[in-house]
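J.: I would like the entire structure built from these sequences, with the hints used as guidance.
Those protein sequence lines, which keep their order, are chains U and W.
The opening residue of the first sequence carries number 708 in this note's numbering; numbering runs sequentially from there.
The opening residue of the second sequence carries number 708 in this note's numbering; numbering runs sequentially from there.
Rather than coming from a laboratory, the hints here were simulated on the basis of the structure.
Wrong hints could be hidden among the right ones.
The list cannot tell twin chains apart, which means a pair is met if one copy fits it or any two copies do.
Claimed, not checked - Derived SDA-like pairs: lysine to any residue, alpha-carbon spacing no greater than 25 Å straight-line:
(1) K837 - A908
(2) K758 - E807
(3) K837 - E736
(4) K837 - T797
(5) K837 - W746
Protein chains: 2
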Amino acid sequence: MTNRELPTTAYITLGLLASRDWSAYQLAEQVGRGVDQLWPRAERQRYNTLKRLVADGLVATRSEHAGKRPRTMYSLTPAGRDELGQWLATTAAPPALEFEGMVRVLMSDHGSIDDLRRTLEEMRADAAAKRALFAEHAAYISATGGTFPERRHLFGLANTFMIGHFDHIIGWATWALAQIERWPDTVAPAADDAQVRELLAAGLRAGEPPRPPGA
Amino acid sequence: MTNRELPTTAYITLGLLASRDWSAYQLAEQVGRGVDQLWPRAERQRYNTLKRLVADGLVATRSEHAGKRPRTMYSLTPAGRDELGQWLATTAAPPALEFEGMVRVLMSDHGSIDDLRRTLEEMRADAAAKRALFAEHAAYISATGGTFPERRHLFGLANTFMIGHFDHIIGWATWALAQIERWPDTVAPAADDAQVRELLAAGLRAGEPPRPPGA
DNA sequence: GATGACTACTGCATTTTGCAGTATAGGGTG
DNA sequence: CACCCTATACTGCAAAATGCAGTAGTCATC
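T.: This is the structure in structure tokens:
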């Protein structure tokens, strides 16, 4: 029952256990099927967190066996359900983006124009692949209801965000590739005042109106 | 000269030192002025990484003094410049998003509709504040050239991305708030098949065409 | 009954983080 | 000019998170 503040991973675990009981591995697997795109943490942490929750009395264990192998099933306790509800009433940490590719864009004056072009192309390809994954998943949920049918509406909200997020990366990368099309190298364009001014202004214009996803 | 792979923070440091010499504190401060939105790491790491780079011979030190206090100035060695160039020729890690607010959206069937509404509003407000910061910074660079005038064009590319990113969050949150407007609670809408189907479809429609930022 | 692929984790050495702690500089106040 | 406050400029350390190798059961195939 030691109760220092729980990490977000713990609430994800509680949230999954709120729907049904799972084994540790199933739980870890479920997290890997999507939520980890919103809260990326090492797989190892999923097992550590579970132990912590049991120690805190928020999750209960029960022994079963699949064949001859024993497996522990985990379930939410009333205290755990309570904790989840209380968490939802508090304020979330602001979103954070980790984007090494964009760091490279900023530093690309120390590399070749081909390095820059390749970086942008890889960003676009990666985003397109992930978009496809989310689109596929949405179609699957729409057709079958998915693993958490009681949360389909919430999944719909989050999924729309993710698709838009990847579309934004794809759109930006396409635009950036067009911008650098005629650059002789990664250094010279800094001197072209008109072009620089235009690039800086592009960002400011981009948001009017702030894209309505369903329109 | 121990050379296991360097972390991305190291390349950011090398990239800043490629423009001019800095003290450790100035360097840490510069990182806090923007790049940390693309590569968020604890401030502590900025000092650790610098020591590592000196040990590896990629960065050289020189003693100066501001008043009576001695301060160490850091500068890039030829080996360091080389390392930076080589890094740019390799492949970047894919972007990762850490978004606790969206995790709460997914779990919000265990909280009140007001919790959900508040979460969405906080997300929107936070994104609007950050967008304003980036817009301000762009105006400042446009007017004065900024601290890295030789990189204005690259900053323009990255800044356009960041503004679009925050606009996407703002736009999505606004849309989501409109969607939940008439929800009686966070649980019932799962039963409304038409609405769920509509929510899931919204995401798929959102990306055509994949928004050209400057258009 | 041996083999290889998958399931289901645990142990442990490193890395990273968060934060408290230290110490000097410079400016304003009585 | 002694004092206090705030900003600068970091370091030390305990605790948390990560990466990855290791272990061991299961199941299908030959």
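J.: Each hint needs a verdict: does it hold in this structure or not?
T.: Okay, the hints, checked on the actual structure:
Proximity of K837 and A908 under a CA criterion of 25 Å is satisfied inter-copy only: 17 Å between copies versus 29 Å inside one chain copy. In this assembly of identical chains, K758 and E807 lie within 25 Å of each other by CA distance solely across copies; the values are 22 Å between and 33 Å within a copy. Within a single copy, K837 and E736 get their C-alpha atoms as close as 18 Å, which meets the 25 Å cut-off; across copies the closest is 34 Å, which misses it. Proximity of K837 to T797 under the C-alpha cut-off of 25 Å is restricted to the inter-copy arrangement: shortest distance 21 Å between copies versus 31 Å within a copy.
For a Cα distance limit of 25 Å, the shortest separation of K837 from W746 qualifies both inside one copy, at 15 Å, and across copies, at 20 Å.
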